[in-house]
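Undergrad: As a plain string of letters, each chain reads:
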Amino acid sequence: MSLMSLGLVRGLIGQALGTLAGLFLVTLIRVLAGMDPIWAEEPAWVTGAVLGVIGFLIGVGALTDWAKWTVGIPTPLHHGPPVGKPAWVRYFSVDYNHKVIGIQYGVTGLLMLMIGGAFAVIFRTELSRTGLQFLSADTYNTLLSMHGWAALMAILLGIGGMANYLVPLMLGAEDMAFPRLNAFAYWLNVPSIVLLMTSLFFGWDGGWTVYPPLSVIGSVGYQFVFYSIFTLGLSSVLGSLNLIATILRMRPPGMTLFRMPIFCWAILATSMIQLTATQLIGLAFLMVSFERLLGMGFFDFEKGGTPILFQHLFWFYSHPAVYIFVLPGLGIISEILPVFARKPLFGYRWIALSSLAIALVGFLVWGHHMFTSGYAEYLRVPFMLATLLVAVPTGVKFFSWLGTIWGGRLTFPTPMLFVLGAISVFLIGGLSGPILATVASDLHLHDSYFVVGHFHATIFGGFTFPFFAAIYYWYPKITGRMYNEAMGKLHFWIMTPAFWMMSIGQMSVGVMGMRRRIADYDPALGVEFGHILVTIAGFAIAFSILIMIYNLLHSAEVGKVAGANPWRSRSPEWQIPSPVPEHSFAAPIAVVGEPYDYGLPNSTYIRMAGAAGDD
Amino acid sequence: MSAATAHAVAAAHAGHHGDHHAPAVDNYKEQLRNNRLGLWLFFISETFLFGGLLAVRFFLWGDHRPELDQFIGLLVTSVLLLSSFTMNLAEKGMEHGDMKTFSRGLLATAVLGTIFLLGVLVFEWGLFPAIYQGHLTPWDNVYGAVVFAMTGMHALHVLSGIVFIFIVWRLGRQGHYTPQRHWGVEACAIYWHFVDLVWIFFYPALYLIGTPVH
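Residue numbers (my numbering), protein chains in the order written: chain A, 1 to 615; chain B, 1 to 214.
The following block holds chain A by itself, in its conformation from the complex (with noise of 0.2 Å):
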């Protein structure tokens, strides 16, 4: 088996030869206008990374059966791994089945955790002491807006892996509605990736929101990150379509909506967002790209733009997004809480209609990034109210959840430890947020490590505490095998206090006066303790990662069998075999009761037809 046969291999070899193309052309064109100077940075290199792209996609293959339709040729999908080669190959090319796509999303995400994870670890060794001790403080700007994007792609990355992975199984479904549609925004993913990686080689500063004026003078690295989140926002977008219209319309007779199994709506919440608002931060970035390319003046005061437009795209994008990033990792908590509870979901109609709320509150708060940005102060008042509005139905959750572990007859595998983690981390998050959305302290606060802190602990516990809990309860379904408790149980109590002081740890310098984005600061703060207590819990944070991904990959050769349904869960995924065949169900399931009756005598939630009675 050559090399390339390998898909990912042919799309990078692609991409390089779509950069040297859109470089060749750019030249080209400007030695036969007789322009001077022939090479110009700016229009090469944007013109290469966007045939850079779509060389990708074409060495990739994620084109090729669209291509064949335009001209008219049919192309049966194809089940299984591909013929006369090895199965994990599937991993490495565009392969159709939503599972395959699922763990490419997730073990991609993982990937970018890990990179992030580690720009983070070295600019916040930095930091542990005043002064400039190994990085110039440029390449720790640098390091620091690498940090945001890594970390941004890993997260949605990962919440692609759980959507993708789960959503069709809970369904009962065979697959997505458009499993081509579905490849093609997973391949987006990798070209955008290189893109990033590329730009950390010109070096850029502005930080992950890259307001103008900075990201229009600064270098062509700059270019890179905006077509690099070009291309992520665009499978941002086709990925949530699909989700959509695979909630929609492929759901098994008797599932309403209301008897979905409850991550199913928060995937539906999330993508309605990713949807709609991705849209603005890539005609954002668009715009920043084309005044650095032609001089349009949108964000120019001299030429009556203004930067504040700018903000105003971004954020009506970046403020949701958080809640793109929180609201599935908050449906894993909801739907892994009454399996170990065992007892029902406490008001699951309240859940599923509260990361609607979510959503659509989410939409009228983007003002509140903006507080200190010179934009008409008749604005501040409303976005304030607004945005503590959405304490409301993150509120409604909580108690939901306090509800169903009330009375409950708990157990604490790996998976719960990290649901119970995960709520503690948000809540964390979630009191500090009123105190940044009140005008009078946020002017104070806005730009200080507080808000570090804040979106940490939000983060952390909105997506990876869940995320990670998720990676442990599934894992038996993927794999077949359980993954060592020990180790797991390792993980959680290495990494849970470690955030705690980390997140505490940073509001508490932000409060002191420490601002973000800086390489050095004042011994005069006193914040130097507190900034060796928060690099210590870094590395420890860092350090517990890499247990559980010795855990993932030990486990999956040396892990006792795990059986169909170890947690004993009433979800269409876990009635079928561990791993999960190439075609899930072997029969057509249809809902016959309530999602969460755990606990309940003669409850029932689906019937497989062929199968006798209730399970």
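It is worth saying that the hints were derived from the structure and are not from the lab. Glycine included, each C-beta is placed from N, C-alpha and C at the ideal position. Hints are supplied without guarantee of correctness; some may be wrong.
Stated by the list, open to error - If the Cβ cut is set under 8 Å, some of the chain B residues that face chain A in the computed set are:
| no. | residue |
| --- | --- |
| 1 | Y132 |
| 2 | H135 |
| 3 | L136 |
| 4 | A145 |
| 5 | A149 |
| 6 | I167 |
| 7 | W169 |
What the hints assert, rightly or not - Derived coverage of chain A by chain B (criterion: at least 3 residues anywhere in the stretch with Cβ under 8 Å from a Cβ of chain B; other residues may be distant):
| no. | stretch |
| --- | --- |
| 8 | 269-279 |
| 9 | 455-467 |
| 10 | 492-500 |
Assemble chain B onto chain A, guided by the hints.
TA: Relative to chain A, chain B alone:
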């Protein structure tokens, strides 16, 4: 080919080659309903893109607008509106098995779309100074920048629509569609109407609303 076309073509053809487990007829109907939903979700997404551009226009221009060639504006708008009519003719032709109307309707739509594009590129953009000296540039001020951004993003969609039309036209002539099964034609038509609809919002925002500056 833009992502918009790629997706629409994808949705257009998924119906023919869906899952082979279920009986073919049921499967086509099911997939058709998926495709329709998918396409409309795509429009919802695109609405936010064009809505964003409109927001930019009102944020930066307020109640002012640049001096644009009103005759050209009215002309290209009429041409584009007319093209929705010919597109509808083509679709109805396919529904009734009238290949001649289908074929001519699509070609007329493509020609009208091309006239619209040329009108924008030659006259509003002044891309060919030999024919027409444009009076706006993208780089001078925010008026030119927004005109180029809005018309540019829209023109990109018109262009992908024309590509889409040619693909559907060729497939239609090769006999890939029947009066009962022509999701590709339907998708192409709806996409064209959507792009047309966007212009109905863009035209007044660019040409009519506000007092002219200069």
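Undergrad: Taking the closest Cβ pair, is A145/B under 8 Å from chain A?
TA: holds (4 Å)
Undergrad: Residue count check for the stretch 492-500 of chain A against chain B: does it reach three with CB-CB under 8 Å?
TA: Answer violated; 0 residues pass the 8 Å Cβ test.
Undergrad: So, as I understand it, the hint says W169/B touches chain A; can you test that by seeing if any CB pair is closer than 8 Å?
TA: At about 11 Å, which exceeds the 8 Å cut-off, the nearest Cβ of chain A leaves the hint on W169/B violated.
Undergrad: Could you check if A149/B really has its C-beta closer than 8 Å to a C-beta on chain A?
TA: holds (7 Å)
Undergrad: Counting residues of the stretch 269-279 of chain A whose CB is closer than 8 Å to a CB in chain B, do you get three or more?
TA: holds (count 5)
Undergrad: Would you settle whether the hint for H135/B is holds or violated, based on the nearest Cβ-Cβ distance to chain A being less than 8 Å?
TA: With a closest approach of 16 Å, the H135/B hint is violated.
Undergrad: Would you settle whether the hint for I167/B is holds or violated, based on the nearest Cβ-Cβ distance to chain A being less than 8 Å?
TA: holds (5 Å)
Undergrad: Taking the closest Cβ pair, is L136/B under 8 Å from chain A?
TA: Because about 11 Å separates L136/B from the closest Cβ in chain A, which is outside the 8 Å limit, the hint is violated.
Undergrad: For the hint on Y132/B, just tell me whether its beta-carbon gets within less than 8 Å of chain A.
TA: violated (20 Å)
Undergrad: Test coverage of the stretch 455-467 of chain A by chain B using CB-CB distances below 8 Å; three residues minimum.
TA: violated (count 0)
Checked against the numbered hints above, the structure violates hints 1, 2, 3, 7, 9 and 10; every other hint is satisfied.
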